[in-house]
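Next come the chains, spelled out residue by residue.
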Amino acid sequence: MKAGELSRSAFLNLLKNEGIAFRTGPFIVHLRSNIPTFGDTWRDCYPSLELIAGDPISHFHVSVVEKKGIRSAFRPQASFQIAGMEPFDPYPLSHAFPMFEWGLNWCIGTMAHKYLLLHSAVIEKNGRAVIMPAQPGSGKSTLCVGMTSRGWRLLSDEFGILDTASGNMIPLPRAAPLKNASIDVIAQYAPSLRLGPHFDKTRKGTVSHLFPNAGDLARQAEPASPALVVFPRYVPNADLEIVDQPRPVALTRLVNNSFNYLIKGESGFQALSRLMMECRCVQLSYSNLDDAIEALDEMLVTT
Amino acid sequence: MSHHIEIGPQTRAIAKNVLLHTLDDHVVCFSRDTGTTHVLDALSGEVLQQLLRKGSPQSEQALREHLAQAMSVEPDSINDNVIAALRTLCSEHLIALRQQ
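Chains as they are written, first to last, in our numbering: chain A, 1 to 303; chain B, 1001 to 1100.
Treat the hints with care, since some could be wrong.
Take a look, some chain B residues computed to stay more than 10 Å from chain A by CB distance [said to hold, decoys possible]: (1) H1021; (2) L1023; (3) L1043; (4) Q1050; (5) D1076; (6) A1084.
Distance windows between CB atoms, simulated [unchecked claim]: (7) V185(A) to D1041(B): 38 to 46 Å; (8) T1088(B) to L262(A): 19 to 27 Å; (9) A181(A) to A1068(B): 52 to 60 Å.
Here are some, though not all, of the chain B residues that point toward chain A, as calculated from beta-carbon distances under 7 Å [stated by the list, open to error]: (10) V1028; (11) F1030; (12) T1034; (13) G1035; (14) T1037; (15) V1039; (16) D1041.
Note that these hints are calculated values from the structure, not bench results. Predicted, not measured: the structure shown is a model, and the values here were computed from it. C-beta: ideal position from N, C-alpha, C; glycine also.
Start from the sequences, fold in the hints, and give me the full structure.
Encoded structure:
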């Protein structure tokens, strides 16, 4: 049964008591929460996610709970817990949803070492993936979200999950956080995209999430072959510029960009070396979303 | 063109702990001993590959001569900076050099 097929009360009751289990990319998550507003937002975000019946073996057991205590009487707080542990400080209760998304990112980034994890977005068209390493201020999220309105599939906004055995990029379609000015940029550029509520005064400013579409969620078991590594740079009022990156330089940047390259050791080195043999690597400077997307469409065809 | 140098049984034991790939005229190497990854320019990569082919220790003089031949220059033109970089490289990869 899909999350959106349950009534609100039935879903919140299930979430509070037994909890829900669902697949996100290659991971199964068990989630429990006693915060109704969090449950509402989660259900709005993922209505087409299939809830797994029974008590499946899960990769992550997560709880998002209202924190009790004297302080909570004045400033209600939400706590993120993984297997009973609280890995970081509580958030304001109203920020429970972004806290969950960031918390699950933390779980994946610190534990999912079966894969080589790159700090990057990954988007796909025709079975071929573009890897966009994350750098502050690059406009990576805005560009990737914009691309989803132009026929591209968003495999992930945060993690480039590289399967070291196959060399493929593994999808992890989840809510993609847009921050501050990029929220309005995307709302105007692609008004058909589903954006979630605004969360003000978070640790990253104002955040609103792009809710993943049902099509991307339905294809979350479908990997893609890497074809391009694109280092984006948003430069206001600048002309579009594409500069090929020498592959040794790109490899070094990806090594530094990875969450767990040092843990993966030799298999990580072999996987990145193979990736470099399979991909064209470029730096893309842009100021206009349409121009950048058109350039990426063309590169994917010619590479 | 790129290739992977197979570390075979004819090399010294230390060489089995270094993986090499050639990318765009550079050599990227991974040390199993230290877990570190390095990008070497063509010259440094040539030095490392020579050491791994021949095994260590080798003399600095022999390496000067090899590099000079590979670069089609006189051995005297391989300056001390190159040799200093070579020593650092060998130290990093626990490869013994014999001074002569």
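A quick look at each hint next to the structure:
{"no.": "1", "hint": "H1021", "verdict": "4 Å, violated"}
{"no.": "2", "hint": "L1023", "verdict": "4 Å, violated"}
{"no.": "3", "hint": "L1043", "verdict": "14 Å, holds"}
{"no.": "4", "hint": "Q1050", "verdict": "20 Å, holds"}
{"no.": "5", "hint": "D1076", "verdict": "30 Å, holds"}
{"no.": "6", "hint": "A1084", "verdict": "22 Å, holds"}
{"no.": "7", "hint": "V185(A) to D1041(B): 38 to 46 Å", "verdict": "42 Å, holds"}
{"no.": "8", "hint": "T1088(B) to L262(A): 19 to 27 Å", "verdict": "22 Å, holds"}
{"no.": "9", "hint": "A181(A) to A1068(B): 52 to 60 Å", "verdict": "58 Å, holds"}
{"no.": "10", "hint": "V1028", "verdict": "6 Å, holds"}
{"no.": "11", "hint": "F1030", "verdict": "4 Å, holds"}
{"no.": "12", "hint": "T1034", "verdict": "10 Å, violated"}
{"no.": "13", "hint": "G1035", "verdict": "6 Å, holds"}
{"no.": "14", "hint": "T1037", "verdict": "6 Å, holds"}
{"no.": "15", "hint": "V1039", "verdict": "4 Å, holds"}
{"no.": "16", "hint": "D1041", "verdict": "9 Å, violated"}
Checked against the numbered hints listed earlier, the structure breaks hints 1, 2, 12, 16; every other hint is satisfied.
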